[in-house]
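Using the sequences and the hints, build the whole thing.
Here is what each chain is made of, one letter per residue.
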Amino acid sequence: MNKSLFSALKVERNVMFIILSLIIIVAAFNIISGLTILVKNKTRDIGILKSIGVSNKSIKKIFFLVGFFIGTLATLFGVVVGTLFSIYVESIRQFISNIFGISLFPEDIYILDTLPAEININSIIIISLCSIFATILVSIYPASKASSLNTVKTLKYE
Amino acid sequence: MNNFIKIKNLTKKYEKNKSIKVLDDISFNFEPGKTYSIMGPSGSGKSTLLNLLSLIDDPTTGSIEISSNKIKSNNKVENDLIRAKKIGIIYQDKNLLSDFTALENVYLPNLLVSKEKQKSVDLAKKLIKNVGMSSRINHFPNELSGGENQRIAIARALINDPDIILADEPTGSLDSDNAKLIFKILFNLKKKNRIIIFATHNRYFANMADCKIMMNDGNIQIINATI
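Quick note, the sequences are listed as chains A and B, same order.
The first sequence begins at -16 in the working numbering and counts up by one.
The second sequence begins at 2 in the working numbering and counts up by one.
Hints were generated in silico from the structure; no laboratory data involved.
Mixed in with the good hints, there may be bad ones.
[As the list claims (entries may be wrong)] As a list, the in silico EDC-like pairs of lysine to aspartate or glutamate whose alpha-carbon atoms are at most 20 Å apart: (1) B/K17 - B/D59; (2) B/K86 - B/D58; (3) A/K40 - B/D26; (4) B/K71 - B/D59; (5) B/K192 - B/D162; (6) B/K213 - B/E170; (7) A/K136 - B/E170; (8) A/K43 - B/D94; (9) A/K128 - B/D58; (10) B/K181 - B/D218; (11) A/K40 - B/E16; (12) A/K139 - B/D59; (13) A/K(-14) - A/E90; (14) A/K136 - B/D94; (15) A/K139 - B/D100; (16) A/K136 - B/E16; (17) A/K23 - B/D100; (18) A/K136 - B/D59; (19) A/K40 - B/E149; (20) A/K136 - B/D58; (21) B/K191 - B/E32; (22) B/K71 - B/D100; (23) A/K43 - B/D100; (24) A/K44 - B/E79; (25) B/K185 - B/E170; (26) B/K77 - A/D28; (27) B/K95 - A/E90; (28) A/K139 - B/D123; (29) A/K139 - B/D162; (30) B/K77 - B/D58; (31) B/K71 - B/E16; (32) A/K44 - B/D100; (33) A/K139 - B/E79; (34) A/K139 - B/E32.
So this is what it looks like as structure tokens:
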């Protein structure tokens, strides 16, 4: 009985990992599209910066830092919200159960009477670093695109 | 110091569906302390010539020398540095960064070179005062009129004390009073042994230059060179 339960939990855990990984990929594409739109909106400004002597490397650095800043801020926000969620997960479960009148995490199926949550500092650090690394990776493309824009064309951009 | 900018056999072609020759084998020397006006119909190559002189575009063939240094098109880093230190550029409109105040717009090019913020800010304030814009120092470009924007753009173009000022139709979107004021400021700059080169459609202002360059179909013709 317990063997099949743990096996099911393991499958659930793997599926959750895939779902959360997909969420991170979607978030990464959001950063790419957000930065691409920013580069488009700031095309004229890029031209002005280049006309006053700002190098392509500096332009790249500006947009890369914007992406990095957004990603880092989002990671910190995610860590805070995630940790709070883990601490108050049982209260949140009870609140949702009461509001919608449904039984989340039923005791007769899961054996446990409260939703267990464990805060693992190492996991938080690894996930945060992975998230920041993903941000760094996806910021490179829009930043490179911004720096490679033709100055003459950017100055004519309306 | 003579022939501060030397252009030799400068040609610019745009290759897309068909080859368009915008500049056709132009050679000319620009001397310091002189003003040059460039006139010509739209599409005659005025802006292209200014873009090449400001090193934001590369010629197809030919060479540019600035203060005896031959410009290498592939050396972007050095060209950016030359542009930052030696060339001040003023465009027709939308010269300024919209998210920055007038003061920030002016001190930014100096901060790039000197890396000393306070020094850059002090210098910017002095230049803004010289163009009569002290009261608008903390205003954003969208809070300034066209003429005021151009005066701030002139202050910005001067902040690194450049040897060359390039202006591409700087009064193209201004009324006559503001245009006169802008040109008065521009012509005063030649006193410091600078080269002032401006493109304009206005014959009155063009005639005030020491040398009038007429452009047509990518060729130049020198008119009333008083130098």
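Here is what the structure says about each hint:
1. Distance restraint check for B/K17 and B/D59: the Cα-Cα separation of roughly 16 Å lies within the 20 Å cut-off, and the hinted pair is therefore satisfied.
2. Proposed proximity of B/K86 and B/D58 is supported: the alpha carbons are some 17 Å apart, at most 20 Å.
3. Proposed proximity of A/K40 and B/D26 is contradicted: the alpha carbons are some 33 Å apart, above 20 Å.
4. Between B/K71 and B/D59 the alpha-carbon distance is near 13 Å, which keeps this suggested pair within the 20 Å criterion.
5. For the hint linking B/K192 to B/D162, the alpha-carbon distance of about 13 Å falls within 20 Å, and the restraint holds.
6. For the hint linking B/K213 to B/E170, the alpha-carbon distance of about 14 Å falls within 20 Å, and the restraint holds.
7. Pair hint A/K136 plus B/E170 holds up; C-alpha atoms about 17 Å apart against a cutoff of 20 Å.
8. Only pairs whose Cα atoms come within 20 Å are accepted, and A/K43 paired with B/D94 is rejected, the gap being roughly 25 Å.
9. Between the alpha carbons of A/K128 and B/D58 the distance comes to roughly 18 Å, so the proposed pair stays at or under 20 Å and holds.
10. A hinted pair counts as satisfied when its Cα atoms are at most 20 Å apart, and B/K181 with B/D218 does not qualify at roughly 29 Å.
11. Of the supplied pair hints, the one linking A/K40 and B/E16 is violated, its CA atoms being roughly 27 Å apart against a limit of 20 Å.
12. For the hint linking A/K139 to B/D59, the alpha-carbon distance of about 17 Å falls within 20 Å, and the restraint holds.
13. Taking the CA atoms of A/K(-14) and A/E90, the gap is near 17 Å; set against the 20 Å cutoff, the hint holds.
14. Distance restraint check for A/K136 and B/D94: the Cα-Cα separation of roughly 15 Å lies within the 20 Å cut-off, and the hinted pair is therefore satisfied.
15. A C-alpha spacing of about 19 Å is found between A/K139 and B/D100, which places the hinted pair at or below 20 Å, so the restraint holds.
16. Among the hinted pairs, A/K136 with B/E16 is consistent with the structure: their alpha-carbon atoms are about 15 Å apart, no more than 20 Å.
17. The straight-line distance between the Cα atoms of A/K23 and B/D100 is roughly 15 Å, inside the 20 Å bound, and the hint therefore holds.
18. Among the hinted pairs, A/K136 with B/D59 is consistent with the structure: their alpha-carbon atoms are about 13 Å apart, no more than 20 Å.
19. Distance restraint check for A/K40 and B/E149: the Cα-Cα separation of roughly 32 Å exceeds the 20 Å cut-off, and the hinted pair is therefore not satisfied.
20. This hinted pair checks out: A/K136 and B/D58 have alpha carbons roughly 10 Å apart, not beyond 20 Å.
21. Between B/K191 and B/E32 the CA atoms are separated by roughly 11 Å; this keeps the pair inside 20 Å, and the hint holds.
22. Under the criterion of a C-alpha separation no larger than 20 Å, the hint pairing B/K71 with B/D100 is inconsistent with the structure, at around 36 Å.
23. Note on A/K43 and B/D100: the hinted pairing holds, with a Cα-Cα distance of about 19 Å set against a maximum of 20 Å.
24. With a C-alpha separation of about 18 Å, the suggested pairing of A/K44 with B/E79 holds against the 20 Å cut-off.
25. Taking the CA atoms of B/K185 and B/E170, the gap is about 15 Å. The hint holds against a cut of 20 Å.
26. The hinted pair formed by B/K77 and A/D28 meets the criterion: a straight-line CA distance of about 19 Å does not exceed 20 Å.
27. Annotation: proposed proximity of B/K95 to A/E90 is violated, straight-line Cα distance about 66 Å (limit 20 Å).
28. With a CA separation close to 32 Å, the supplied pair A/K139 and B/D123 exceeds the 20 Å bound.
29. A distance of roughly 26 Å separates the Cα atoms of A/K139 and B/D162; the hinted pair therefore is violated under the 20 Å criterion.
30. Only pairs whose Cα atoms come within 20 Å are accepted, and B/K77 paired with B/D58 is accepted, the gap being roughly 10 Å.
31. Using a Cα cut-off of 20 Å, the hinted pair B/K71 and B/E16 is violated, with the two alpha carbons roughly 25 Å apart.
32. For the hint pairing A/K44 with B/D100, the CA-to-CA distance comes to about 18 Å; that is within 20 Å, so the pair holds.
33. Note on A/K139 and B/E79: the hinted pairing is violated, with a Cα-Cα distance of about 24 Å set against a maximum of 20 Å.
34. At roughly 29 Å between alpha-carbon atoms, A/K139 and B/E32 are farther apart than 20 Å, so this suggested pair is violated.
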